[in-house]
Amino acid sequence: MAETTHRSHPTPAAYWGIALFLAVVTAIEIAIPSISAFDPVKVPLLLGLAIIKFGTVVMFFMHLRYDKKLYRTLFLLGVIGVVPLMVIMLLSMDAL
Amino acid sequence: MTSEAAPVEAHDTHDVRPIRKAAMWVFLGSEAMFFGSMIATFLLYRNTTADGPGAEIFNIPFTSASSFVLLMSSLTMVLAHNAFEKRDARATRIWLLATALLGITFLAGQIFEFTEFVHEGLKVSTSSFGSAFYMLTGFHGAHVAIGVTMLLAMFFLSLDGRLYEDRGLNVELIGLYWHFVDIVWIIIFTVVYLLQV
Amino acid sequence: MVVDTEKDLASGNPTGLWSWITTVDHKRIGLLYGASALIFFFVAGLEALLLRLQLTTPNGTILSADAYNQLFTMHGLTMLLVVVMPVAAAFMNYFIPLHIGARDVAFPRANAFSYWLFLFSVVMLLSSFLLGGAPDGGWFGYAPLSTQLEEFVRMDYYAIGAQLLGIASITASANFIATVFTMRAPGMTLMRMPVFTWMAVVVSFLLIFSLPIFGVGLFQMFFDRNFGGQFFGGTGDPLLWQHLFWLFGHPEVYVLVLPAMGIVSEIFPTFSRKPLFGYPFVVFSGIAIGFMGFGVWAHHMYTAGLGPVAEAGFGVATMMIAVPTGVKIFNWIGTMWGGKVKFTLPMMFAIGFVSLFVIGGLSGVLHSVVPSDYQQHDSYFVVAHFHYVLFGGGVFGYVAGAYYWYPKWTGRMLDEKLGQWHFWLMLLGFNLTFAPMHILGLNGMARRTYRYPEGLGWEFWNQVATVGSFIIGISFLFFAWNLIKSRKDGRVAGNDPWDGRTLEWSISSPPPVHNFDEIPVVQHVDDFWYRKYATDDEGRAVRIPDVTGGTIAAETDTGGEDAHEEDMHMPSPSYYPVVSAFGIVFMGYGLVYLPGGWVAVGIGTLITMWGVFGWSLEPVTRDADHD
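Chains as they are written, first to last, in this note's numbering: chain L, 1 to 96; chain X, 1 to 197; chain D, 1 to 627.
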């Protein structure tokens, strides 16, 4: 990823494009629960789309893609760390 | 100083921005734990409605609209930051104000939503579902409110041209915080609303 | 806080109470943390002595059940959150910048804010004794006991007080992490940092990621108590609290003991005159303990009925955590092995740390075995175990650190004779107090009960434990007297009394405000040692002449671009951190006394906003014309 850390930030036009992308993904998300064909894969699909939106905002709007690797480590420790902890807790309480 | 002055005041010491950003990122990692625990609590109690209202009272079209508002406030925030980096004081000010207004719109929507739910019989004390729902979305709303306060403070400071790069209150750090509040809502919108109906 | 006027005038430090209140100097804040922690140690110790007095004889009559519950809760809460964590924070504040060659921590004012928020929160917690009763649900605050509303405010003090202490700790931890990752001197790579600083980093990460979980649990408790929430009562599940609590509470155990491990990892090489045996292993085992410490929380909850799969999993994970701990112990022994060991006071306490910690660790392994833990759960055997780990381990380690670094703080040595009294009395008293608790626990004596009937065979060992606890108390009077007396009468220490290895010994004692006249350029682990000693053909250390232990400026000018250009503007004093902290605690009081307290919450919010905005907009270094 060394080559990306020196890349310059996106232009305002690119920011508008990213926002458009986010809006489209949100529209798809809202549509999914009402289409019964998606029911069997609803949960992974919606979670996947949410993660895509999450990642897009973090990488481009928060510039994590362009910034120091240290920031990525500090943030991801918390974001990725909390998932297994909470999953194990919920599993042991028979809630998942 | 007049409002036409350059938005950045000269600073006398070495560059402190990377230090502040490192601290902000580690704080956001910590916040991820905070919201993660509350989301887990909500998942635990998602069906514990005690004969009170449950997820069926969610108004998905309404919440979708307010989610969209918050999502777009991330766009205006990043445009404010972009203008600030280009030393464009006027554009910075406009985008800061736009972000704050979008945030206020979101908060107004949340207040409306809470009022409706209470009217339909869902309170903190109704059930574990109610407690978990109000705590999670309430703390998120509190984060939005803190963000709005900081954005408005930045806006009013910018009227005298007082936008600093090296102080605790600066556009980049507020931007990071604001985007984080937005991505937390991205997860809440999916996990709490879309997956439960 | 005693201000040593003469010394401060000599070193150009401003003096007077106001200068201490507005200080942003990491060394002064470190000393404030240390002094406060010592005072609170005596408070919590006094609480413990009252508990021991009550238990000396069967059917004790000194304390009522209610008083006993308040005292044991506050003893645990105070010792863990208000004594051991701040004393670790004291060492971290003082020595992280010195160890990495920095002039201060990353955010000097946030550092002051952490301290004042800590202090005010403790005052608030302790004031509860006079304002309606102290928390009485145990430091673990299990629901539904903690969510009962018969006692109006007690556990509200717990929920709010612990929350505020947590905010103070998160702020401090983010500060330390930013300091270590962005402010190291040229050449000070991560793998050249002193082990103490490494452990401080691990601890900061543990706190930053575990405290928010505890915070959520505390807010939920608060909601249950004040807004009719149903998180743990009603339709809720009390087990949720146990999970959230121990998700914090177990990493917290390592938070308490890892800094002590870091301290003895500095002491053993110094007094064995050998490098730390297997430096990377010590560092990586510390990191491993940090990661694994997050994955074993439910071993505190075996008897809650998690089911065989979860219990087996957590049992195995708990046994595994003994491995990195064992690695460290072998490394310390390996450091002493074949060294020229000098039995100075810091070294004696450090050896005491390792010995007692091993005993506590072994009884800990017994707890990791689920069937065995079923038997020991909630008995005095557990009390014995964690006092061996936290007092025998933690407190011995921190006292070792105090003897080791006192010369750096004050420029004078602690008295040897008083120190010997302290060590031997503490060792004796400690073992008399806590070793019998193993026996009492295995004989069935339960924790947290305020009295016990006659004829169960517990009388003798309880009496021994009480005698032991008073011996500990006396030993700390020697310590306190030594700390006070040696400030004026102690032998003058000089810069480097122990022939130390790390950067803090290269500067004067006490250090100047700006720490380093010139930022050092680092080439080795234990860099200062290699500036004093070369190695001859047979691998022995040979003193390099003409190094006085003074400033070790860059001898080679390579990579020293920062060293000379760095301006010496130190951050200016600020009262905004105190204002902000005060406002937050004011809000805290309001929250305890809801609904009438909303007024106080409002006022507190305004005070906090004044403090935070003033602080955010104030430049770090004020020029003279702005004064």
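Quick caveat, the hints were computed from the structure, so don't treat them as lab data. Predicted model, so just to flag it, every value in this text is computed and none were measured. Virtual Cβ for every residue (Gly too), placed ideally from N, Cα, C. A couple of the hints might just be wrong.
Claimed, not checked - Below, a sample of chain D positions facing chain L; criterion: calculated Cβ distance under 8 Å:
{"id": "1", "residue": "F181"}
{"id": "2", "residue": "F209"}
{"id": "3", "residue": "H243"}
{"id": "4", "residue": "G278"}
{"id": "5", "residue": "F294"}
{"id": "6", "residue": "L306"}
{"id": "7", "residue": "V370"}
{"id": "8", "residue": "E618"}
What the hints assert, rightly or not - Sample of chain D residues at the chain X side, in silico, Cβ under 7 Å:
{"id": "9", "residue": "L80"}
{"id": "10", "residue": "W139"}
{"id": "11", "residue": "Y142"}
{"id": "12", "residue": "A178"}
{"id": "13", "residue": "I208"}
{"id": "14", "residue": "I213"}
{"id": "15", "residue": "N226"}
{"id": "16", "residue": "G229"}
{"id": "17", "residue": "M336"}
{"id": "18", "residue": "G614"}
{"id": "19", "residue": "S616"}
Violations among the numbered hints, reported as their numbers in ascending order
4, 7, 8, 9, 10, 11, 15, 17 and 18
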